[in-house]
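The lines below spell out each chain.
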Amino acid sequence: MIKRSFFSLTPQRLVYDLPEPDLKEPESIPLPASLSILLSEAIDSTKQTLLKKGDTVKKGEKLRLYDDSTAYTISPVAGTIKLFDSYSDDFGKIATFIVIKPDKNPASEADTIKLDTIEDIKFADKFLRKLPGAPPFGILANDDIKIKTIVITCADTDLLSTTSQFIGLMYTDEIKAGAKILKAMTQVPKICIAIPEALSTRANFDSIQVIKTSNLYPSTLPAMIMKDHLNMILPAGKTPEDMGVCFIRAEALVSLARVFQTKEAVFDKILTIISKNGTRFRVHATIGTPLSNIFTQFNLHVNERDRIIVGGPMRGFATFTPHQPVRPDMDTIIIQDRDIIPQLSDYPCVNCGNCIRICPANIPVNLLVRYLEADQYEEAADRFDLGSCIECGLCAYVCTARIPLYQYIRLGKHELLTLRADA
Amino acid sequence: MTNNKLTVSHAPFWHDGDSLFKMNLNILLALLPAALFGFIQFGAPALGVVALSISTAMIWELIMNLMAKKPLTIGDLDSAVIGMIFGIMLPATAPWWLVVVGTFVAVIIGKMIFGGIGANPFNPALIGMSFLMLSWKVMFDFDAAYVNYDFGFTALAPLAALKSQGAAAVTDLFPTGNLIMGQQVGAIGSTFGVGIILGGIYLILRGYIRWEISLSFILGIIITSFGFNMANPEVYGGPAIHLFSGYTLLGAFFLATENSSSPVNKIPMFIYGFSAAVMIILMRNVGVYADGTVLAILLLNLVNPIIDTIRPKALGKAGNNA
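Listed in order, the protein sequences are those of chains L and F. To convert, note that position 187 of the first sequence is 188 in my numbering; the numbers rise steadily by one, no gaps. To convert, note that position 9 of the second sequence is 172 in my numbering; the numbers rise steadily by one, no gaps.
Where hints are given, some of them may not hold.
To be verified - In silico lysine-lysine, PhoX-like type, Cα no more than 25 Å apart, as pairs:
(1) Lys94(L) / Lys168(F)
(2) Lys228(L) / Lys480(F)
(3) Lys480(F) / Lys239(L)
(4) Lys277(L) / Lys168(F)
(5) Lys414(L) / Lys480(F)
(6) Lys414(L) / Lys476(F)
(7) Lys480(F) / Lys147(L)
(8) Lys476(F) / Lys239(L)
(9) Lys4(L) / Lys185(F)
For the record, the hints were derived by calculation from the structure and aren't laboratory data.
Produce the complete structure using the sequences and hints provided.
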C-alpha cells in the first residue's frame with residue numbers, strides 16, 4: 002500500500018507498475034473438479050428452461066436459458082451440468098450461475114464443437130462474446146452504435162496490475178493477427194493500441210497506431226485516454242461507446258486470433274495473482290476455475306477476514322468467497338492481509354479539500370458527497386457533476402475523514418439510473 | 164480455507180493512511196512552539212488557561228455526545244484543537260469561568276449544534292472568542308491584564324497603542340525584531356511570531372492547511388496596510404506592526420485555514436484569504452476595534468459558501484456551473 006508522503010504540499014502521485022523484465026510463460030492450472038460459469042440472464046420461474054440438471058454439454062457448446070434468450074455463455078469443458086441457480090452481484094443485478102462437472106477423460110474431438118469461423122461481426126457476437134478478455138462484440142455488432150475508433154488496451158487500468166502489459170509483450174504477434182481479423186470484421190476506420198510510455202520501446206506493433214500513456218494513475222482509464230490522446234472530452238453521463246470509441250482488451254484479440262487458428266473456442270484465461278507479500282504469479286486457468294484451486298497450487302493461504310480483490314486496489318471488487326470462479330474479464334487477483342486493510346469511517350466530510358486537489362475530473366466531491374449521503378441523486382447529478390466521475394477512486398484514497406466516497410459515487414450513479422429508468 | 168469469512172468492501176482497497184486524528188495531532192504540534200513560548204513568557208497562569216481550555220473543550224463535546232446519544236467523537240482531537248486555539252488567544256490572566264464559558268460557546272454553539280465536525284459554518288474557536296469579546300470586553304484589554312507583570316520591553320499592547328496614539332508615536336516603541344521574537348504584550352500564543360510562522364510552514368508542507376489561504380492572507384495584510392500607511396503615515400501603521408502583532412499570524416495559519424469554514428477551490432481560496440486580510444486592516448484603521456481579526460474572519464466564513472462556487476468546470480460538463 003502506498004502511504005501519504007511526509008511532505009505533501011502537492012497531491013500524491015500514484016504510478017502504474019511495469020511487468021518484470023524477464024517474461025516467462027504463465028503456469029497452467031489443472032482442470033478443477035467442477036467449474037462455475039456465469040450467464041447474465043435471470044431465471045424466470047414461470048418458464049421452462051432449456052438447461053436441465055444432469056444435461057451433458059460439449060466443450061464450446063452454447064448454453065442459453067430460453068429459446069428467445071439473447072444472453073448466452075459457452076461451456077469451457079465437456080461434462081455434466083451439476084446445478085444452476087440465481088446469482089446476484091454487488092449491485093443486486095440478478096444473473097445465473099451454472100456449475101459443470103467435467104468428464105474425467107480429456108475432451109475428445111467428438112466432444113468439442115468446431116466453429117466455422119468467418120470474418121463477420123455477427124458471427125463473433127453469436128459465438129465469441131465469452132472469450133477470455135471479454136471482447137465487446139455485443140457493442141460492435143449493434144447497428145445502433147456507430148463505432149469509429151477501437152482502442153486496444155495493453156495498458157492496465159489499475160495500480161499493481163501488469164497483466165495487460167504482460168500480454169502485450171508476450172503475445173504481440175497474436176494481437177496483431179487479432180487486430181487484423183477485428184478490422185476485417187468491423188470495418189472500423191481507426192484502430193489504435195494504448196501502451197505505457199515506458200513499455201512502448203519493448204513492444205513492436207508496426208502497422209497499428211500506438212498511443213503512449215503516461216505512468217501516472219489514472220491516465221489509462223478510458224475517459225483519460227480519450228481526453229489526452231483522442232482529443233475527445235467524454236460528456237458527463239455518457240459512455241465511450243456513445244462517442245464512437247470502443248475499448249478492447251489485448252487479451253481478447255489474442256483469443257480471437259487463436260479461435261481463427263484452431264477453429265474452436267478457447268478458454269485459457271491469463272491471470273496475475275499477487276500474494277500478501279507482493280509476489281506475482283502468472284497463471285493460465287480455464288474460465289470457471291475456482292480461485293481457491295489457484296491459491297492451493299501456489300500454497301497461498303487466505304485467512305479469516307483477509308480480502309480477495311479481483312482487479313486492482315483502486316477499482317477492483319472484493320469477493321466474498323475464495324471459490325469465486327475465473328471470469329472472462331478478470332485480470333488480477335490480490336490477496337490483502339487483514340492487518341493492512343484500511344479502516345473506513347462514517348464521519349461527515351470535513352471539507353479538507355484533498356479530494357478536490359486530486360480529482361482528475363474536477364468534481365466538487367466535498368459538496369457531492371453531502372448530497373449523495375442524503376440520497377439527493379438528481380441534485381447531485383445536476384449541480385455537482387456526478388455524471389462526470391471517471392471512477393478512479395482517488396478521492397476515497399486520499400479522504401482524511403475516510404469516507405467511502407467512491408462507493409457513494411458508484412451507488413449514486415446506479416440509483417440515478419434506476420430512478421431515471423422508472424420515471 | 165474453504166469456509167473462512169472474508170472481508171468484503173467497496174474499492175478502493177488502499178488508503179493513503181491519513182486520518183482526522185493525525186491531522187489534528189499535527190495541528191496541535193504546530194501550535195506548540197507558540198504556546199510554549201507563551202508559557203515561558205507569562206508563566207504558570209498561561210499554562211493553566213490553555214490546559215483548562217483544551218480539557219473543557221473536550222468535556223463539552225463529550226457531554227454533548229452523551230446527551231445526544233451519539234458515538235463519542237472526542238478521539239478525533241477536533242475539540243482539542245478548538246480548545247488549544249481558543250486557549251492561546253486568551254490573555255494569561257483570564258479567569259477560569261471565562262475559559263469555561265468560552266469553550267462552551269465555541270464547542271457547543273460553534274460546532275456541536277450544527278452537527279459536529281465538518282458541519283460548522285464558522286470557525287468554532289472564533290465563535291467562542293467573539294462571544295467573550297462582545298460580552299466581557301474589559302477582559303481583552305491586554306494592557307490591564309498584564310499590569311502586575313514586569314517585562315523587559317514595552318508593556319503596551321501594540322495594536323491598542325497604535326489605535327489610540329497613532330503610528331508616528333508608537334513606531335519607535337515596537338521594533339519589528341522585538342515583535343517577531345515575542346517581545347510584546349498579547350495573548351498567550353499570539354506574541355511569538357517566529358513560532359507561529361514555523362508551525363504554519365510545517366502544516367503547509369505536511370499538506371494539512373492550504374497554502375493559498377495563508378499566502379493570500381499575508382499578502383492582503385501587507386498590501387492593504389502599506390496602502391493606508393502610504394496615505395497617512397502619521398496615523399496608520401505599516402505592514403510590520405500589523406502583521407506581527409495581535410492575532411494576525413494566528414489568523415493566517417490557524418484561524419482562516421480552519422477546514423470546514425474555508426473554501427477549497429483555488430481562486431476562492433485566494434479571494435477568501437485576501438478579503439479576510441483586507442477586512443482586518445479596514446477594521447483596525449477605520450473601525451472601532453483595535454484588532455479586527457476575529458470578526459473579519461467570521462465575516463469571511465459567512466461568505467465562504469458563495470465564493471466557493473467559483474470552481475473549474477468538471478470533465479465533460481457543458482454550460483455553466485449552477
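Structure-based check of all given hints:
no.: 1; hint: Lys94(L) / Lys168(F); result: 23 Å, holds
no.: 2; hint: Lys228(L) / Lys480(F); result: 13 Å, holds
no.: 3; hint: Lys480(F) / Lys239(L); result: 11 Å, holds
no.: 4; hint: Lys277(L) / Lys168(F); result: 17 Å, holds
no.: 5; hint: Lys414(L) / Lys480(F); result: 16 Å, holds
no.: 6; hint: Lys414(L) / Lys476(F); result: 19 Å, holds
no.: 7; hint: Lys480(F) / Lys147(L); result: 23 Å, holds
no.: 8; hint: Lys476(F) / Lys239(L); result: 16 Å, holds
no.: 9; hint: Lys4(L) / Lys185(F); result: 13 Å, holds
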